[in-house]
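Based on the provided sequences and hints, a complete structural model is requested.
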Amino acid sequence: DSGVTQTPKHLITATGQRVTLRCSPRSGDLSVYWYQQSLDQGLQFLIQYYNGEERAKGNILERFSAQQFPDLHSELNLSSLELGDSALYFCASSVEGIAPYNEQFFGPGTRLTVL
Amino acid sequence: DAKTTQPTSMDCAEGRAANLPCNHSTISGNEYVYWYRQIHSQGPQYIIHGLKNNETNEMASLIITEDRKSSTLILPHATLRDTAVYYCIVRVGRGAQKLVFGQGTRLTINP
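Heads up: the sequence lines are chains C and H, in that order.
Our numbering numbers the first residue of the first sequence as 60 and each following residue consecutively.
Our numbering numbers the first residue of the second sequence as 26 and each following residue consecutively.
Be careful, since some hints might not be right.
Stated by the list, open to error - When the alpha-carbon atoms are kept at most 30 Å apart in a straight line, the in silico DSSO-like pairs for lysine-lysine are as follows:
#: 1; chain 1: H; residue 1: LYS94; chain 2: H; residue 2: LYS28
#: 2; chain 1: C; residue 1: LYS116; chain 2: C; residue 2: LYS68
#: 3; chain 1: C; residue 1: LYS116; chain 2: H; residue 2: LYS28
#: 4; chain 1: H; residue 1: LYS77; chain 2: C; residue 2: LYS68
#: 5; chain 1: H; residue 1: LYS28; chain 2: H; residue 2: LYS77
Don't read these hints as lab results, they were simulated from the structure.
Pasting the structure below:
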């Protein structure tokens with residue numbers, strides 16, 4: 060158990076719909092990352108938040124957005140869903156400090172199926 | 026971040042040492058080598074990291090060549106539970122930063 064929780068575990072929805080994925084980081088971790096894993100693209104970084112502020116953006120579509128709340132949990136919002144958005148979505152968290160490693164702890168993921 | 030090259034797949038017998046190679050010939054002086062693994066469809070799990078010295082922890086050993094252009098992850102006594110995709114990642118160590126995953130090596134431990 061990494062200490063990172065994600066809900067829901069599975070989500071099945073239809074094209075054109077909107078969903079929200081939720082992530083609670085490990086206690087004390089200020090950074091939250093979202094990754095997408097699809098069969099054809101592998102694990103890809105989407106976006107990072109640090110203490111409520113967006114820190115870095117990766118290959119995140121404009122239909123997707125995220126935020127980190129004052130209690131540090133984060134939500135990833137996916138809208139106008141397409142079949143190709145079907146994937147595993149992982150959240151990870153890490154501390155930010157002077158240590159050079161900043162290991163990332165991953166949650167169990169949310170499996171999104173768009174029909 | 027430097028690019029890494031890993032074999033697509035490897036097999037190893039249970040109880041033997043599994044040696045997973047990684048090439049990172051364009052690594053910069055301030056970049057670390059990290060290893061993560063992903064068991065089935067679970068979230069990736071951190072294994073070990075290093076800069077230039079060899080490192081060992083309770084999970085594995087990391088051997089980095091003197092020129093730092095390649096490294097080897099060693100699982101000393103592989104078990105069936107070590108069957109996973111292993112990712113070698115090179116990146117600057119300081120600060121909280123994204124991980125860039127390649128295709129990794131699919132390691133299968135055979136009984």
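Structure-based check of all given hints:
no.: 1; hint: LYS94(H) to LYS28(H); result: holds (11 Å)
no.: 2; hint: LYS116(C) to LYS68(C); result: holds (24 Å)
no.: 3; hint: LYS116(C) to LYS28(H); result: holds (19 Å)
no.: 4; hint: LYS77(H) to LYS68(C); result: violated (39 Å)
no.: 5; hint: LYS28(H) to LYS77(H); result: holds (17 Å)
When each numbered hint is compared with the structure, a violation occurs for hint 4 only.
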